[in-house]
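Engineer: Based on the sequences and whatever the hints tell you, model everything.
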Amino acid sequence: MAERKPTSASAKKLDPAQSPRAMYGAELRFQRERAGLSQSGLGELLYVGNSLIAKMETGERRVQPDMAEQLDRVLDAGGFFVRNLAAGRATPYREHFADVAELESVALTIKQWEPLLMPGLLQTPGYALAVIRGYDPVAPAEVVKKRQDARLARAHIFQNAERPLFWAIVDEAAVRRPTGGLATMAGQLRYVAAMAREGRIIFQVLPYSAGSHPGMEGALKLMTFEDDSPMAYVQAQETGTLLDDPATITRCTLTYDLLAAAALSPEASLDFIETAAEEYEHGSQRSGGDVA
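Residues 1 to 292 (my numbering) make up the sequence shown, in order.
These aren't lab readings, by the way, just hints derived from the structure by calculation.
No experiment lies behind these values; they were computed from the predicted model shown.
C-beta: ideal position from N, C-alpha, C; glycine also.
Don't take every hint at face value.
[Unchecked claim] Cβ-Cβ distance ranges computed for the label pairs, FRET-style: (1) Asp227 - Glu281: 44 to 54 Å; (2) Glu278 - Asp227: 38 to 48 Å; (3) Leu182 - Tyr47: 49 to 59 Å; (4) Asp257 - Ser284: 34 to 44 Å; (5) Tyr47 - Ala87: 16 to 26 Å; (6) Phe30 - Ala194: 39 to 49 Å; (7) Ala153 - Ala247: 27 to 37 Å; (8) Gly199 - Ser284: 43 to 53 Å.
Structural biologist: Structure (structure tokens):
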């Protein structure tokens, strides 16, 4: 892949007409400059880093309700930010996942454990469509398409050749379940294998033979950042929670490390998914459970 350096958030040109959220960010920059404050200066008044101010202005980060109140107070904005908070928080993602999608785009590292599915960041169009329809089989077609587009858009983070470092561990079940049918599953595994062979991701499979393991409570995502504390995201049915408590992060990190130790090596995992892809292509998928 060609090398591509990250774009500075503070250097991005704002286009208020692009979306309500872009308008919200442009107004934030206008009010900040009207007050004679730099991004660092406003950050100091709000006890946050200047990078967060920059990302809110460009629409990369959503403004939280308490932050909107503080912006109105510090910038004497006449209540603009609270009144228009819905526009500033507009997102194509479900509410419980919106902040996670934004954090993915600025993370230095992302480590993800998935017990049932291929990680959303690695899903092909056909696989993502099958998953979304599986979640909500009665959803209208336009809703399904919107969710599919939003999920696939998250993969733009891989356009940067340097970051994030993405390391995924999946249970063998995610490989063996023919989500979307044999052809779709073969294509999904071929795509993951190509990403791994290019060195853009690290990918491991936890085989059935590992038995019980620390990840049995559910999916887990760990993210680190350049100038923010690490975050963990745990997901359940129709909901999810972002966590930043240091003790919780330590525990989640240990869980991930133990899963990595129990999983097949990246090299063996690559061979495993390529063999599985070939089996799907020839219609000879095994039931699993015979991995040494």
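Engineer: Each hint needs a verdict: does it hold in this structure or not?
Structural biologist: Structure-based check of all given hints:
1. Between Asp227 and Glu281 the C-beta distance comes to about 45 Å, which sits within the given range of 44 to 54 Å.
2. Remark: the range hint 38 to 48 Å for Glu278 to Asp227 is upheld by a beta-carbon distance near 44 Å.
3. Our hint of 49 to 59 Å for Leu182 and Tyr47 holds, since their Cβ atoms are close to 54 Å apart.
4. Taken as a hint, the range 34 to 44 Å holds for the pair Asp257 and Ser284, whose Cβ atoms sit roughly 35 Å apart.
5. The hinted window of 16 to 26 Å between Tyr47 and Ala87 holds, with their beta carbons roughly 25 Å apart.
6. Between Phe30 and Ala194, the C-beta spacing of about 45 Å keeps the proposed range 39 to 49 Å intact.
7. Our hint of 27 to 37 Å for Ala153 and Ala247 holds, since their Cβ atoms are close to 34 Å apart.
8. For the pair Gly199 and Ser284, the supplied restraint of 43 to 53 Å is violated, since their beta-carbon distance comes to about 30 Å.
The structure is inconsistent with hint 8 alone, although it conforms to all the rest.
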